[in-house]
Amino acid sequence: MNIYWFLRFIEVTNGDWLPKRFPFDQDKLEIARGLFRVSYSFQTMQQFLNWCSNYCEELGLIERVKSTTHYDRIFLTPLGVEVNNIFSMDMLLKKSRMNLSFKYSE
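Numbering-wise, the sequence shown is residues 1 to 106 according to the working numbering.
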């Protein structure tokens, strides 16, 4: 599930910032906390995001562009786009199925 939410993180942030060190901007930390629904500290969030990034990079889902700033950029590969679409469709179907079951129980 972390892969799905990390791919969503890339969509939400446009892949513009993957923190290379901590602390990073508080507003960016709040976005990541809200997306992953966690209350991680700066250091833990930075390590978590980089772990997810390395894992997705090994799977061929993303490419990372290293920079000299505090943040690297990340892009979805064509495979990453397809996997993200499949995960999104699966979540949508599960949500629709729940809505249907509530509708019929009324």
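For the record, the hints were derived by calculation from the structure and aren't laboratory data. All residues carry an ideal CB built from backbone N, CA and C; glycine is no exception. Treat the hints with caution; some may be incorrect.
[Stated by the list, open to error] Between beta-carbon pairs, the in silico distance windows are: (1) K28 to T68: 24 to 32 Å; (2) P23 to N85: 32 to 40 Å; (3) L92 to S41: 26 to 34 Å; (4) P23 to M98: 32 to 40 Å; (5) H70 to L93: 35 to 43 Å; (6) N14 to Y40: 19 to 27 Å.
Hint by hint, here is what the structure shows:
{"no.": "1", "hint": "K28 to T68: 24 to 32 Å", "verdict": "18 Å, violated"}
{"no.": "2", "hint": "P23 to N85: 32 to 40 Å", "verdict": "34 Å, holds"}
{"no.": "3", "hint": "L92 to S41: 26 to 34 Å", "verdict": "33 Å, holds"}
{"no.": "4", "hint": "P23 to M98: 32 to 40 Å", "verdict": "39 Å, holds"}
{"no.": "5", "hint": "H70 to L93: 35 to 43 Å", "verdict": "39 Å, holds"}
{"no.": "6", "hint": "N14 to Y40: 19 to 27 Å", "verdict": "22 Å, holds"}
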